[in-house]
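Chains as they are written, first to last, in our numbering: chain A, 1 to 242; chain B, 243 to 294; chain C, 295 to 512.
One or more of the hints may lead you astray.
List time: in silico DSBU-like cross-link candidates among lysine-lysine, alpha-carbon distance up to 35 Å [as the list claims (entries may be wrong)]: (1) B:K280 <-> A:K14; (2) A:K114 <-> B:K293; (3) A:K5 <-> B:K293; (4) B:K274 <-> B:K290; (5) B:K279 <-> A:K152; (6) A:K11 <-> B:K290.
Derived from the structure by calculation, the hints contain no laboratory data. In this text the structure is predicted, and so the values were computed from the model without any measurement.
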Amino acid sequence: MSLWKYTNPNKFMKLSSKILPSLSILSFLLVFTGLTWGFFFTPDDFRQGSTVKIIYLHVPAAMIAINTWFVMLVGSLIWIVRRHHISSLIAKSAAPVGLTMTIVTLATGSIWGKPMWGAFWAWDPRLTSFFILFLFYLGYMALWRSIRDQQKVADLAALLCIVGSVFALLSRYAVNFWNQGLHQGASLSLDKEENIANVFYWPLLVTISGFLLFFITVLLIRTRTEIRLRQISNIIITNKLN
Amino acid sequence: MPELGQYGTSVIIAYLISFVIIGTFFLVTLNKSNQTKKELERLTLISKTNKS
Amino acid sequence: MITLLTRDLKLAFRSGSTTILGIAFFLIVLLLVPLSLEPSRPMLIKLAPGVLWIALILSCLLSLDRIFHLDLQDGTLEILTISPLPLEGLVLVKSLAHWITTCLPLIMLVPLMGLLYNVPNDTIIWMIISLLSGTPALSVIGSFAASITLGVNRGGLLLSLLVLPLYIPTLIFGTEVIRRSLDGSSNVTPLVFLLAISASSIALLPIATGSAIKINLN
């Protein structure tokens with residue numbers, strides 16, 4: 001329960017400024033190690049050739065893209081229930097990270113797809129779901145930017161995120177249904193997580209951890225920016241009253 | 243450089259694009275963070291001098 | 295509640311433009327598709343399920359930002375939120391009014407579409423069933439998105455950006471019902487899902503919509 005004390009903005013700023021330097025360095029190290037290991041020191045896949053190396057970017061980005069939405073959901077729920085401003089700011093800050101990672105996933109996915117499937121895009125359930133996720137992030141971010149009243153927009157965005165999460169889950173299911181029927185085997189999907197040999201697995205794990213720490217780093221930086229923005233508007237308001 | 247074979251270009255392009263996207267995003271984040279920090283310091287100074 | 299409904303409907307009929315606008319838009323979309331793609335018969339039948347739903351969704355979008363708008367402007371919305379009537383009930387009434395004025399007329403146009411797109415008769419019936427089962431969801435989900443963007447100036451565009459991804463499951467299952475009737479396979483599963491989406495949206499979303507209205511009015 002002592003974690004709740006970090007919902008106090010000052011304590012949050014202090015803690016985050018302490019851990020940010022080492023966190024960011026560690027994340028870069030892990031990403032660098034993972035990518036170098038994967039790029040230079042792993043063999044090619046017999047089916048996919050060297051394109052399998054794209055996995056070290058594609059999979060971590062995809063995982064972060066999805067997990068970011070969960071972070072936003074949790075932040076939104078905590079905001080609605082416990083009214084800690086920080087949680088709404090964390091949700092707000094997480095969205096651009098998720099958007100970026102979704103874009104990277106889509107880009108690396110299509111670049112990987114061209115030699116593999118012969119086309120940059122296929123309406124495969126996974127790619128389609130990511131496209132939908134991209135739109136969800138865009139909508140959420142657009143909402144934050146379109147309303148000036150900070151209190152109102154925090155509440156509305158939280159509502160959107162919560163309702164959106166239900167529909168996002170539903171969409172995932174519907175998209176699978178749409179392209180493959182229920183319980184049919186995947187025809188096109190590159191099931192990258194299955195059958196990964198050990199030799200690919202470890203560098204992937206390192207890269208995933210690096211991306212995860214990178215996510216936390218950027219999230220902390222952005223949340224700090226949001227907190228400062230709030231402080232700025234508070235100063236402006238109190239000074240106008242003087 | 244490992245033997246990238248026929249798919250070499252794709253792999254390189256994928257890595258490059260990812261670095262560019264993530265790198266730009268990171269730089270933009272840092273930039274905004276620095277600007278906000280400076281703005282906050284400036285305003286805090288102004289409000290303090292106003293009060294005194 | 296009934297009085298609220300009749301009042302809403304009267305208002306909507308007075309500005310009967312919404313219904314007519316919706317119908318005109320729907321027909322225009324139906325026209326644009328064969329104009330821009332090939333008008334051959336087999337092609338049109340294949341496209342029909344999707345075109346029907348897309349045209350319907352786009353027409354719905356047109357009248358969504360009006361759902362709460364008029365009442366917001368003249369202050370009635372605030373009065374209604376304070377009244378003993380539960381806010382969720384108010385939301386449902388408004389969604390129903392939207393459905394009656396926007397979706398229902400379009401459902402009645404389905405046979406006409408069937409004619410234009412060369413759709414076999416029993417598929418036309420499935421089209422109607424699909425719409426009857428899925429359009430309530432569209433109105434309810436739409437009213438949620440409208441409540442979120444209540445205070446935004448020119449919120450129409452933001453409304454569309456927010457609501458269209460939410461419509462995706464309804465769209466998918468709705469078109470599957472029709473498509474499967476064309477191939478001859480069983481369309482029970484998508485129909486059940488479609489009905490489930492409508493039912494749960496009606497049961498649960500108004501709570502969120504009500505909260506959004508309260509948030510916007512404070």
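* To do: Starting from K11 (chain A), check that the Cα of K290 (chain B) is at most 35 Å away, please.
  => Distance of about 22 Å is within 35 Å: holds.
* Asked: Given the hint that K279 (chain B) pairs with K152 (chain A), does the C-alpha gap stay at or below 35 Å?
  -> The hint holds at about 25 Å.
* Pair hint K280 (chain B) and K14 (chain A), alpha-carbon separation not exceeding 35 Å -> holds, 17 Å
* Asked: Is the hinted pair K5 (chain A) and K293 (chain B) satisfied, with a Cα-Cα distance of at most 35 Å?
  -> holds, 31 Å
* **Pairwise hint evaluation, K293 (chain B) against K114 (chain A), where the allowed Cα distance is 35 Å at most** => violated, 64 Å
* **Hinted pair K274 (chain B) and K290 (chain B), Cα distance within 35 Å** => With Cα atoms ~24 Å apart, K274 (chain B) and K290 (chain B) stay inside 35 Å; holds.
Checked against the numbered hints given earlier, this structure breaks only hint 2.
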